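> Sequence:
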Amino acid sequence: MNTKRWLLASVTVFVVILVLEFVIHGVLLQGIYQQTASVWRTQAEMQRLMWIFWVGYLVFAPFFALIYAKGYEKGKPGLGQGFRFGLYMGAMLSVAHSYGWYVILPIPLVLSCYWFAAILIEFVVAGVAAGLVYHE
1 MNTKRWLLAS VTVFVVILVL EFVIHGVLLQ GIYQQTASVW RTQAEMQRLM WIFWVGYLVF
61 APFFALIYAK GYEKGKPGLG QGFRFGLYMG AMLSVAHSYG WYVILPIPLV LSCYWFAAIL
121 IEFVVAGVAA GLVYHE
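The opening residue of the sequence shown carries number 1 in my numbering; numbering runs sequentially from there.
Hint data in this document are derived by calculation from the structure and do not stem from the laboratory.
Quick caveat: nothing in here was measured; it's all calculated off a predicted structure.
Don't take each hint at face value.
[Said to hold, decoys possible] Heads up, simulated SDA-like pairs for lysine to any residue below, C-alpha to C-alpha not over 20 Å straight-line:
no.	residue 1	residue 2
1	4	70
2	4	132
3	76	66
4	76	132
5	70	3
6	76	58
7	74	133
8	76	2
9	4	20
10	70	41
11	76	1
12	70	6
13	70	135
14	70	84
15	74	6
16	4	136
17	4	75
18	76	114
Just need the whole structure built from these sequences, with the hints factored in.
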């Protein structure tokens, strides 16, 4: 494994997730979050606890990149490998996350569907980023 490339891929994945989380949840889904405000913590509470969210992604990103690096196939384009990896990870995690929370929280089904699509897209983009950065 190329440690320098793995570290670079980890940082890249973290930045991709940071940007996409802001765009998806801070912009695109903001309206539906406001409509379901009774389900969520207050904005002030979320801001106070947001560091926990980002620490979670600081832990997640290196593991995402590590799993990608362990499955990296020499001689094959990183773009395709990253896309496939992100698609597999996104499909696996988006189903459990989006529809699991639908069962637990009183949220509209459409929000779960948006989460499913958002997580899938986020992981595909993160996989592509890892694939473009990590190579031996």
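> Each hint should be assessed against the structure and marked as holding or not.
Right, here's what the structure says about each hint:
1. 4 / 70: holds, 14 Å
2. 4 / 132: Judged against 20 Å, a Cα distance of about 14 Å means the pair holds.
3. 76 / 66: holds, 18 Å
4. 76 / 132: Holds: residue 76 and residue 132 sit about 11 Å apart, inside 20 Å.
5. 70 / 3: holds, 11 Å
6. 76 / 58: violated, 28 Å
7. 74 / 133: Holds - the C-alpha atoms of residue 133 and residue 74 are around 14 Å apart, at most 20 Å.
8. 76 / 2: OK: residue 76 and residue 2 at ~16 Å, within 20 Å.
9. 4 / 20: Between residue 4 and residue 20 the Cα gap is close to 24 Å, so the pair fails against 20 Å, i.e. violated.
10. 70 / 41: violated, 38 Å
11. 76 / 1: holds, 15 Å
12. 70 / 6: Within the cut-off at roughly 10 Å; holds.
13. 70 / 135: Measuring from Cα to Cα gives roughly 11 Å; hence the hint holds.
14. 70 / 84: With Cα atoms ~14 Å apart, residue 70 and residue 84 stay inside 20 Å; holds.
15. 74 / 6: holds, 15 Å
16. 4 / 136: holds, 10 Å
17. 4 / 75: holds, 19 Å
18. 76 / 114: violated, 33 Å
The structure fails hints 6, 9, 10, 18 (numbered hints given earlier, in ascending order).
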